[in-house]
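Protein chains: 2
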Amino acid sequence: MPDNHDLSLYLQVADGVVESIRRGVLQAGDRLPSVRHAARNRNVSINTVLAAYRNLEDRGVIEARPQSGYYVRARLPEVNKVVMPVTPVSSPKLEVLDLIDMVFAAQQNPKFTDISLACPVGEEFYPAKKLSRILNQLLRSRPNMIGTYSLPPGSLRLRQQIARRTPLLGMSLSADDIILTHGCLEALQLALRAVTKLGDCVGLESPTYFYMISMVAMLGLNAVEIPTDSQHGISVDAVEALLKEKKIDALMLMPSVQNPLGCSMPIESRQRLAKLINQYQVPMIEDGLYSELQFSGDLLPAVKAFDKDGWVIFCTSFTKTLAADFRIGWMSGGRYAEKLRRLKALSSMSEPTILAETLGQFLTTGGYDHHLRGLRKRYAFQMQEARGLIARYFPQGTRATQPSGGFVLWVELPLNVDGVKLFHAALAEHISLTPGMLFSPNGRYANAFRLSYCPT
Amino acid sequence: MPDNHDLSLYLQVADGVVESIRRGVLQAGDRLPSVRHAARNRNVSINTVLAAYRNLEDRGVIEARPQSGYYVRARLPEVNKVVMPVTPVSSPKLEVLDLIDMVFAAQQNPKFTDISLACPVGEEFYPAKKLSRILNQLLRSRPNMIGTYSLPPGSLRLRQQIARRTPLLGMSLSADDIILTHGCLEALQLALRAVTKLGDCVGLESPTYFYMISMVAMLGLNAVEIPTDSQHGISVDAVEALLKEKKIDALMLMPSVQNPLGCSMPIESRQRLAKLINQYQVPMIEDGLYSELQFSGDLLPAVKAFDKDGWVIFCTSFTKTLAADFRIGWMSGGRYAEKLRRLKALSSMSEPTILAETLGQFLTTGGYDHHLRGLRKRYAFQMQEARGLIARYFPQGTRATQPSGGFVLWVELPLNVDGVKLFHAALAEHISLTPGMLFSPNGRYANAFRLSYCPT
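Protein chains in written order, with our numbering: chain V, 1 to 456; chain G, 457 to 912.
These aren't lab readings, by the way, just hints derived from the structure by calculation.
Glycine included, each C-beta is placed from N, C-alpha and C at the ideal position.
Mixed in with the good hints there might be a few duds.
Cross-link-like lysine-lysine pairs, in silico, DSS-like; alpha carbons within 30 Å at most [as the list claims (entries may be wrong)]:
no.	chain 1	residue 1	chain 2	residue 2
1	G	Lys585	V	Lys339
2	V	Lys197	G	Lys702
3	V	Lys130	G	Lys585
4	G	Lys585	V	Lys93
5	V	Lys93	V	Lys246
6	V	Lys111	G	Lys795
7	V	Lys129	G	Lys702
Derived coverage of chain V by chain G (criterion: at least 3 residues anywhere in the stretch with Cβ under 8 Å from a Cβ of chain G; other residues may be distant) [stated by the list, open to error]:
no.	region
8	184-196
9	323-333
10	349-361
11	395-401
Use the sequences and the hints to build the structure in full.
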């Protein structure tokens with residue numbers, strides 16, 4: 001292993017190889033230039049190339065074949081397409097919450113290696129120092145804040161800053177449109193309560209975030225699993241069929257960087273989806289939690305950006321990007337805005353002004369975009385690392401997503417693997433992962449699991 | 457007006473007079489000792505007695521009669537007993553929320569004199585400096601906290617400290633029994649969702665906290681108004697009749713320092729109520745928000761203290777006593793504990809660890825009991841002041857409660873006064889108050905309003 005001085009150099013060489021593979025210059029099975037050749041070509045020492053190749057080997061990008069050299073490894077196959085009947089209505093079971101409780105318990109046990117939590121931990125991923133400084137300044141400059149009852153609509157500064165950023169997602173909201181919530185989860189929950197009544201059918205991506213399924217169950221609603229492609233997101237054809245047949249009363253979807261698949265819908269699909277929703281006048285709850293963690297290109301516009309008559313409720317939070325502990329999220333309610341404002345006030349009143357103002361101040365002066373760029377780069381790198389390790393160590397036949405952002409992978413193991421057994425076996429080894437069946441109201445995906453590649 | 461040096465002396469004299477009135481030594485209409493006589497008797501200057509008498513006059517406790525001296529004023533009559541049919545079931549209207557919105561808006565307008573908000577503002581009422589110091593220390597000693605996702609059940613230290621204090625209210629809960637919530641409001645809301653289903657009838661005190669009524673409406677439940685005495689609280693006879701006739705599916709009550717009446721149920725009534733609830737197996741949600749602000753004597757035990765089989769869900773918060781902005785409350789769910797734990801996690805996950813730990817640390821070392829004693833004394837004093845001013849300036853026939861704690865008075869004006877008109881007239885004068893009709897699902901109490909005597 002080279003010393004610190006050489007660190008950036010050998011990583012540069014390694015990244016150059018990765019870039020060549022991405023561009024297709026080097027393909028699966030191709031032989032890499034010899035160490036000596038590469039060193040001469042790139043004008044670096046042999047040791048540097050060796051370190052780079054070992055790093056690529058560790059990441060599962062290349063493999064050494066004895067007496068022969070280094071070769072580009074076969075890439076991980078994409079996960080299977082979801083095949084299912086068109087309208088599998090189901091009343092999800094709350095018992096799966098037992099399993100979720102075990103996942104949560106393991107996550108909090110410091111003895112466990114946690115690859116289940118969809119949230120990074122640590123200073124590298126959050127601007128904790130800057131936020132601390134702002135919070136501390138606020139405590140000093142406005143000493144009465146702790147003793148002042150926080151009433152809706154809450155911090156104007158934060159709502160203004162949020163509104164200012166909405167064009168990045170194709171929306172143009174004003175501070176008055178923003179309802180602050182206790183994380184994205186509360187926003188989703190309030191939205192679901194606002195647009196449904198007992199027994200309604202809610203269309204969900206399959207697989208989808210397990211808490212969405214439990215929320216649907218808790219509210220006495222039915223879930224409708226809708227086929228979702230691991231690259232292009234939900235099947236808009238399937239949505240259209242369901243709308244036409246009046247089989248769904250609401251939709252709750254993650255069009256950008258979906259959890260767990262990491263897929264993002266193409267713009268045309270978003271436009272078509274928005275049009276359908278407005279045509280059939282069926283409300284859609286849009287979870288934009290990971291939108292800002294899209295790895296490359298301009299951020300995709302929200303479906304809400306194409307929402308003519310206010311049928312889309314957009315929900316998101318700063319929990320995954322800025323301050324996990326603050327649990328400050330927000331929603332924009334379209335035609336349900338007034339109802340949601342009241343539901344929020346009646347459910348939990350407001351968010352702590354001290355935390356909201358801290359975020360508002362950070363968004364004003366803290367360099368949020370710079371911070372986001374750093375996060376995206378880091379997660380994109382770690383995603384490749386994780387995929388490499390899976391390609392190297394997981395059994396033949398393993399498939400994995402290539403997420404468009406965020407920090408989770410969806411991994412499908414060979415069909416004979418029982419995900420719940422694997423979960424328990426992993427727990428016994430002090431490893432916490434999230435079993436795939438949690439992501440379907442019908443217990444599909446028994447051989448899959450979600451893996452978080454943000455180190456904790 | 458005496459200078460600062462004499463301040464405590466003249467207040468001592470004034471308080472001595474108030475004490476004599478309380479004990480009945482001096483009664484309404486009695487003449488006070490002459491200034492000269494009092495000064496000699498108490499060994500203070502004539503100026504001090506004059507200042508004391510003027511203060512008592514300002515507070516409406518005594519009145520000067522020309523050429524004759526000072527007399528104890530007639531005391532404010534108690535508010536009227538609630539007379540109503542036994543089971544007035546009603547689906548409360550959400551339109552009253554428009555009025556509540558106007559109250560909230562006025563509360564936030566700095567141009568307004570706010571006598572409507574049931575929450576004090578300012579450093580004198582909250583240990584903001586100590587809390588700031590603790591928070592700041594936590595930010596420094598645990599820099600990763602902001603970036604760490606807060607999972608249920610949340611801060612162990614806070615839950616331990618809460619549990620440690622529960623014997624003061626006759627309970628003996630452990631840290632595991634405590635579910636942290638986003639203020640008392642979320643606790644009440646979750647409890648209501650946990651124990652009811654669409655169309656259920658919920659028994660409420662009459663009058664009761666307006667948000668309880670709106671919450672019942674929002675969840676599609678019916679309200680049953682139960683007569684409540686302004687001194688002894690809810691009529692347990694009426695509750696028993698309703699239980700016997702299966703007219704209520706749940707109760708949501710404030711046995712201690714009820715909002716808005718300020719009444720507290722005697723211990724025997726609490727025991728009887730707990731017994732009835734257990735006998736009829738009907739869940740009761742106990743709002744203990746103001747329990748710790750009881751003016752005198754040992755704190756009354758919660759109804760939960762007598763709850764044999766876990767039918768009582770106890771809910772409270774630190775919002776009114778310690779840190780208004782933090783919005784950290786808690787609940788203990790009895791037989792509904794597991795359901796509530798999940799409902800909380802699915803509704804808004806958890807509370808910010810940084811705020812929970814700050815409270816936990818304050819409860820450990822900050823002198824919470826000392827702080828509470830100060831609050832109680834101050835509020836008791838201000839209550840007498842407010843009653844005095846009402847006795848002096850409000851129209852003949854005005855009645856007001858003599859609350860057992862907290863910081864609100866319930867004021868009944870002569871029957872011909874229209875409370876909503878008064879509310880709007882007051883708004884026009886930049887005064888915000890809370891109209892009485894908000895406190896009844898049937899729009900009773902049109903001539904009453906709630907007045908907060910905590911200065912803001």
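Against the structure, the hints come out as follows:
1. G:Lys585 with V:Lys339: At roughly 38 Å apart (the allowed maximum being 30 Å), V:Lys339 and G:Lys585 break the hint.
2. V:Lys197 with G:Lys702: This hinted pair holds, its Cα atoms lying about 26 Å apart.
3. V:Lys130 with G:Lys585: Between V:Lys130 and G:Lys585 the Cα gap is close to 22 Å, so the pair holds against 30 Å.
4. G:Lys585 with V:Lys93: Violated, at roughly 48 Å.
5. V:Lys93 with V:Lys246: Between V:Lys93 and V:Lys246 the Cα gap is close to 24 Å, so the pair holds against 30 Å.
6. V:Lys111 with G:Lys795: Measuring from Cα to Cα gives roughly 28 Å; hence the hint holds.
7. V:Lys129 with G:Lys702: Violated, at about 58 Å.
8. 184-196: Coverage by chain G holds here, the residue count being 3 at a Cβ distance below 8 Å.
9. 323-333: Coverage by chain G holds here, the residue count being 5 at a Cβ distance below 8 Å.
10. 349-361: Satisfied; 7 residues make the cut.
11. 395-401: violated (count 0)
Checked against the numbered hints given earlier, this structure breaks hints 1, 4, 7, 11; the rest are met.
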